[in-house]
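S.K.: Top to bottom, those sequences are chains A and P.
Note that the working numbering gives residue 176 to position 176 of the first sequence, counting from 1, and the numbers run on in steps of one.
Note that the working numbering gives residue 142 to position 142 of the second sequence, counting from 1, and the numbers run on in steps of one.
Simulated from the structure, these hints should not be mistaken for lab results.
Treat the hints with care, as some may be off.
As the list claims (entries may be wrong) - Each computed DSSO-like pair below joins lysine-lysine, with the alpha-carbon atoms no more than 30 angstroms apart: (1) P:Lys26 <-> A:Lys148; (2) A:Lys44 <-> P:Lys26; (3) A:Lys133 <-> A:Lys148.
To be verified - Residues from chain A that keep clear of chain P, each with C-beta distances beyond 12 angstroms, as calculated: (4) Arg61; (5) Ser64; (6) Ser86; (7) Ser158.
Owing to the predicted nature of the structure, the values given are computational and were not obtained by experimental measurement.
Every residue, glycine too, gets a C-beta built ideally from N, C-alpha and C.
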Amino acid sequence: MTRWLPVPRSLPTSRLLLVCALSLGSLALTLPGCGPDSVVETSKMPDEADFAAVSEALGVRCGSLDCHGMAERNFRLYGRYGLRWSDTDVPGGSETSGDEHHENYLSLISLEPEALAQVTEGAPVTRLTLVRKARGAEVHKGGSPFPKGTAGDSCLVSWLEGQVDHASCSQAAQLLQRP
Amino acid sequence: MNRLARTLPLLLALASSACTDPTIAKEEDELGPEVAGVPRGPTHRAGQPCVHCHQSGGPGSPSFSIGGTIYQDAQRELPIEGARVTLVDSNGDSWSLLTNCAGNFYITESDWQPQFPVWASVHWSDIHVEMESPIYRDGACAGCHTSPAGPASPGHVYVSETPIAARGGCR
Numbered sequence: 001m002t003r004w005l006p007v008p009r010s011l012p013t014s015r016l017l018l019v020c021a022l023s024l025g026s027l028a029l030t031l032p033g034c035g036p037d038s039v040v041e042t043s044k045m046p047d048e049a050d051f052a053a054v055s056e057a058l059g060v061r062c063g064s065l066d067c068h069g070m071a072e073r074n075f076r077l078y079g080r081y082g083l084r085w086s087d088t089d090v091p092g093g094s095e096t097s098g099d100e101h102h103e104n105y106l107s108l109i110s111l112e113p114e115a116l117a118q119v120t121e122g123a124p125v126t127r128l129t130l131v132r133k134a135r136g137a138e139v140h141k142g143g144s145p146f147p148k149g150t151a152g153d154s155c156l157v158s159w160l161e162g163q164v165d166h167a168s169c170s171q172a173a174q175l176l177q178r179p
Numbered sequence: 001m002n003r004l005a006r007t008l009p010l011l012l013a014l015a016s017s018a019c020t021d022p023t024i025a026k027e028e029d030e031l032g033p034e035v036a037g038v039p040r041g042p043t044h045r046a047g048q049p050c051v052h053c054h055q056s057g058g059p060g061s062p063s064f065s066i067g068g069t070i071y072q073d074a075q076r077e078l079p080i081e082g083a084r085v086t087l088v089d090s091n092g093d094s095w096s097l098l099t100n101c102a103g104n105f106y107i108t109e110s111d112w113q114p115q116f117p118v119w120a121s122v123h124w125s126d127i128h129v130e131m132e133s134p135i136y137r138d139g140a141c142a143g144c145h146t147s148p149a150g151p152a153s154p155g156h157v158y159v160s161e162t163p164i165a166a167r168g169g170c171r
């Protein structure tokens, strides 16, 4: 059923015509953006299907409340040991949820999408600031949570290269134990 | 002379603002004023993030490496006195101390500069509580542990889920 918006009776005819003209003009300006001539670039991103294993490792080592488990962070991570996505969850409460893994995925691929697309197409993983910081190859206040060759590094890099190393991810997702 | 007199206050204001870290100043402002009747010192600002002011470049002196407030139970913000807080850093070095009447404890940077991450535990009577995850970088317990608990905070640090017969309070 079509609904018509009521026109206020007090609106003068000249103003009504002006509003109609402006509306049609705006519509005309908008239409070319939706047509076949518009350019929408798409990039290949690492797969989300196996990201949960990587997200678990990132959550434990990077996502604490005093690090990337903060709403203020560009690379914001949700998870059991940090910020929670659901209003009813608390840090340290229930396991990291599917929604949280999804949000972490979006957070990660939004960091450097062009560089990430290049890595997905075969460029070196060190093109990513994420990898350089995690390895400690670039200044990072949180140190080097995933030094090169460790389980965390293998987990992250394997996902970026298209084949998740689940054993490394499981190992990296263990809470650090006190010495 | 007249021009100098007009611009001098502006220059002084600019110079003084340049010496204040705006992030620390903002955090300090957000904490609000001191509680009436509580003198500045080891018992003030219980439950607030001590290290945010007591850090290099901050308004608090001395600088702390770690500080916080421990409460008796999960439901009430009753401080606990005499709880033993033990911290172990990633080198295996440890530091242990007791909470004061406000539930506060702190370690000055001149006493100990731990290598993060740091693992924390609290002991009182026959109760021993281990913090599940390590502290990665913020030495202010209340930087994360604020009340009430919610998606961004596990709530205040407490010893027992249920009320206990402990000492606490400075009056």
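S.K.: Give a verdict on every hint.
M.R.: Quick rundown of the hints versus the structure:
1. P:Lys26 <-> A:Lys148: Cα-Cα ~38 angstroms, so violated.
2. A:Lys44 <-> P:Lys26: 41 angstroms, violated
3. A:Lys133 <-> A:Lys148: Roughly 11 angstroms separates the two Cα atoms, so the pair holds.
4. Arg61: The claim breaks: Arg61 of chain A does not keep its Cβ more than 12 angstroms from every Cβ of chain P (closest is about 9 angstroms).
5. Ser64: Contrary to the label, Ser64 of chain A does not stay out of reach of chain P, its closest Cβ about 5 angstroms off (not over 12 angstroms).
6. Ser86: Since the minimum Cβ distance to chain P is about 7 angstroms, Ser86 of chain A lies within 12 angstroms and the statement is violated.
7. Ser158: Ser158 of chain A is indeed farther than 12 angstroms from all Cβ atoms of chain P, at 24 angstroms.
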